[in-house]
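Enquirer: Just so you know, the protein sequences line up as chains L and C, in that order.
Here the first sequence stands for residues -11 to 444, numbered as in the numbering used here.
Here the second sequence stands for residues -11 to 444, numbered as in the numbering used here.
Just so you know, these hints were derived from the structure itself, not from any lab.
It is possible that part of the hints are untrue.
One copy or any two copies: either way a pair holds, since identical chains are not told apart in the list.
[Unchecked claim] Restricting the straight-line Cα-Cα distance to at most 27 Å, the calculated cross-link-like pairs of lysine-lysine (DSSO-like) are:
(1) K267 / K332
(2) K428 / K67
(3) K1 / K125
(4) K67 / K36
(5) K261 / K335
(6) K160 / K150
(7) K401 / K428
(8) K(-6) / K362
(9) K308 / K273
(10) K267 / K335
(11) K308 / K267
(12) K36 / K(-6)
(13) K308 / K261
(14) K369 / K67
(15) K261 / K332
(16) K97 / K261
(17) K100 / K377
There are 2 protein chains.
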Amino acid sequence: MSQVWKDYQEENKVRFLEEMLDLLRIPSVSAKSEHKKDMLKCAEAVQKSLLAAGCSNAEVMPTAGHPVVFGEKIIDPSKPTVLVYGHYDVQPAEPLELWHSGPFEPVIKDGKVFARGSADDKGQFYMHVKALEIMSKTDTMTTNVKFLIEGEEEVGSPSLGKFVAANKDLLKCDVILISDSSLLSMETPSLDIGMRGLSYIQVEVTGPNRDLHSGTYGGAVANPITILARMIASCHDENNHITIPGFYDDVLEASEDERALLNKAPFDEQEYKDELGVKELWGEKGYTTYERTGIRPTIEVNGIWGGYTGEGAKTVLPSKAFAKISSRLVPNQSSEKITQILLKYFKSIAPASVEVSAELHHGGEPYLTPIDSKGYIAAAKAVKATFGKEPIPVRGGGSIPICTILEKELEVKIVFMGFGLDNDNLHSPNEKYNIANYYKGIETIPYFHKYFSESN
Amino acid sequence: MSQVWKDYQEENKVRFLEEMLDLLRIPSVSAKSEHKKDMLKCAEAVQKSLLAAGCSNAEVMPTAGHPVVFGEKIIDPSKPTVLVYGHYDVQPAEPLELWHSGPFEPVIKDGKVFARGSADDKGQFYMHVKALEIMSKTDTMTTNVKFLIEGEEEVGSPSLGKFVAANKDLLKCDVILISDSSLLSMETPSLDIGMRGLSYIQVEVTGPNRDLHSGTYGGAVANPITILARMIASCHDENNHITIPGFYDDVLEASEDERALLNKAPFDEQEYKDELGVKELWGEKGYTTYERTGIRPTIEVNGIWGGYTGEGAKTVLPSKAFAKISSRLVPNQSSEKITQILLKYFKSIAPASVEVSAELHHGGEPYLTPIDSKGYIAAAKAVKATFGKEPIPVRGGGSIPICTILEKELEVKIVFMGFGLDNDNLHSPNEKYNIANYYKGIETIPYFHKYFSESN
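Here chain L stands alone, though its shape is the one from the complex (with noise of 0.2 Å):
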């Protein structure tokens, strides 16, 4: 079989690419209301790739937001069915002018496509098509394949909990599988086994009711500033350990042996520094740098604003100063329950001379999927038939909010498998997506399907 697949891809390489670039050229902003008509062009050019591919039904299916596109292949009622989750919508570019070239005029260089979306999450769900055209045109296909493309992943999917739950029957299957996100290297195969949880709030502080003069006033008038961050440095001790009150109490801890394995991946700190360009690493006392992505939770605060920011020198005790502050989780913590301690915390340590008011953004569950599930057995396979290596569990850094409800209302398993590298500058400029990857992806995929298959 794996010739077969080998050849057709050979074969069919560079249209493989070209298609993979017609999709980045357009600007699917889900952010943006703009961009509301690139959305549906963009969702009807998924649908008819699906349907080029092989899909035997294919639909743009409307949400109270963005569209969903929905296509699959039936091969065998009997056979297991994969479905494939992915998100043809992309961050904002912003800042446009740190990108060398336009977002969204694909450039390829070094052999990587340089565009939004060609990483996150456009050139990773379209492996999945390119892999069952593969299947569908050789006439190996070993399970029945879905596809659940959606429209709104950047911006919290809103809709989606709503169309899948609506659509239990059209969406049923055996097994979910995921690619939206990173491998450890090429050399150093890996597999995501969990995604962190979010609790995203937005801190407000008032002081005066107007702002001061700071020379009038400054010294007998709590400066909200000030409060805010003193506020902020409250979250960590000494240790980089956070000190909210039941912020930890339900964090499952890794097992010595996970953490073990999880320290196997090879880390060279020199080159981790270099391109991040920062001269000391930072982080929890007593964890290593995967451990402190993966396996432990964190309060980051992701902006910060208040008084006067322009030119020059405004001599102002201002009247309100605002963070925004997010907190990614691990397994077993609660997003809600999480969101409600940061709120009640940040209420709590105020002194009277200020008012505080804080309210979620938005938030999503951490997911943790078993290493003995056939799913995550079959994903490890598929690696080590196509990378000659086992591939090594890791814990996903970011978060996927959606997992968790998708495997509450289809009631299965997902499966990571992630082509990316941590440096593709996801959400950043100059996003990219190395192309030996994107066929390493569409060259592994088929091996996951009969893997899965034979296992069922």
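Chain L is fixed; fit chain C onto it per the hints.
Expert: Just chain C now, with coordinates in the frame of chain L:
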């Protein structure tokens, strides 16, 4: 003499008010180049008003920046000379949407004039123009009078030092009189005996070389906002005492007597809190509100920004964070030395995971006038004459950076005789000046000249 002054003022009071309103209608915003023409127009209006009031000579004199208006009336070279310092420039009016009426369309309501510059400082220096008119037209002048009205006070007086140094003979005088500060209240007159100095810096914290995904990297890379917040929080201890090494070294502690005198001033804490809309006051333990704003140095954050500050949520671990931080200084502290201490502190406490740069915006020295000087005594007598009460000597919280330079170049003491109120909304929307205070100032000023003349 006093009845003559009173009568003249009574006969001309409507015109005195109307002329002040005319001056307020000129948008003389020194910080904005679009108002360059308005600045010149305002300077010429001041010149004209000085001539009309009785100056024998008044000129608009160029500087590298906005012009200075000089005027004089010499009655007898053997008599003492009073130099009135003031400024015709105003702060920018923004945010415009918070004004109840146009900032340059003066409105009279409840006995107050609402307009930018009404209290700071057009309405206040214009009292001296009208006082000159009274003395000149009633032939009751007791001193020579000079005016130095500059156009760059609100931008740190960058040209005035050079101007004064180059025009020492022209500006030669026996005392400098400034009305650019406040009374405790009309019932409790006071005289400022000092101004705080200023060190204003900007701090920039740089973490990774680009904005990062807070999931992929969060927990393993120092967040510059968090670090900046910790740096700000570290500036004070739990008693709001400043912790920066060397910060208090040169502070000239106020004597017990001075503190006792300062605290004799009536202070209604509930009224103060209500007016500012805060539940509790805040400040350095062991000091009263008057002490905190008068005799103690402070550190205030005037502005902060970093990361994502737009609508909604973005999960970014930012590359940079910034803060504008200023310190109000008290006598014997040196602006230059404190600036160096602040710059060194912020650089030295940064962990190796980030880079910190800090630069000076501007500064000014604290100023203290002796209460046994001839000028202060004359001012105290003048206030007693018209308010019927001894003024309380207080320390002003704000800064007039040019004071030290004026004293050094002209070798005379400065007397602050301000008639504003702390709630005049200086530098804020809806700046106002009470008409009663304006008239009271005009009534009081001739007495200053009289008593100062008698003591020389």
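Enquirer: Compare the structure with each hint and give your call.
Expert: Right, here's what the structure says about each hint:
no.: 1; hint: K267 / K332; result: between (36 Å within a copy, 20 Å between copies)
no.: 2; hint: K428 / K67; result: within (26 Å within a copy, 96 Å between copies)
no.: 3; hint: K1 / K125; result: within (15 Å within a copy, 97 Å between copies)
no.: 4; hint: K67 / K36; result: within (25 Å within a copy, 97 Å between copies)
no.: 5; hint: K261 / K335; result: between (36 Å within a copy, 21 Å between copies)
no.: 6; hint: K160 / K150; result: within (15 Å within a copy, 82 Å between copies)
no.: 7; hint: K401 / K428; result: within (24 Å within a copy, 82 Å between copies)
no.: 8; hint: K(-6) / K362; result: within (25 Å within a copy, 100 Å between copies)
no.: 9; hint: K308 / K273; result: between (34 Å within a copy, 24 Å between copies)
no.: 10; hint: K267 / K335; result: between (35 Å within a copy, 15 Å between copies)
no.: 11; hint: K308 / K267; result: between (34 Å within a copy, 15 Å between copies)
no.: 12; hint: K36 / K(-6); result: within (24 Å within a copy, 91 Å between copies)
no.: 13; hint: K308 / K261; result: between (36 Å within a copy, 17 Å between copies)
no.: 14; hint: K369 / K67; result: within (19 Å within a copy, 103 Å between copies)
no.: 15; hint: K261 / K332; result: between (36 Å within a copy, 26 Å between copies)
no.: 16; hint: K97 / K261; result: within (24 Å within a copy, 63 Å between copies)
no.: 17; hint: K100 / K377; result: within (24 Å within a copy, 82 Å between copies)
Going through the hint list in order, the structure satisfies each hint without exception.
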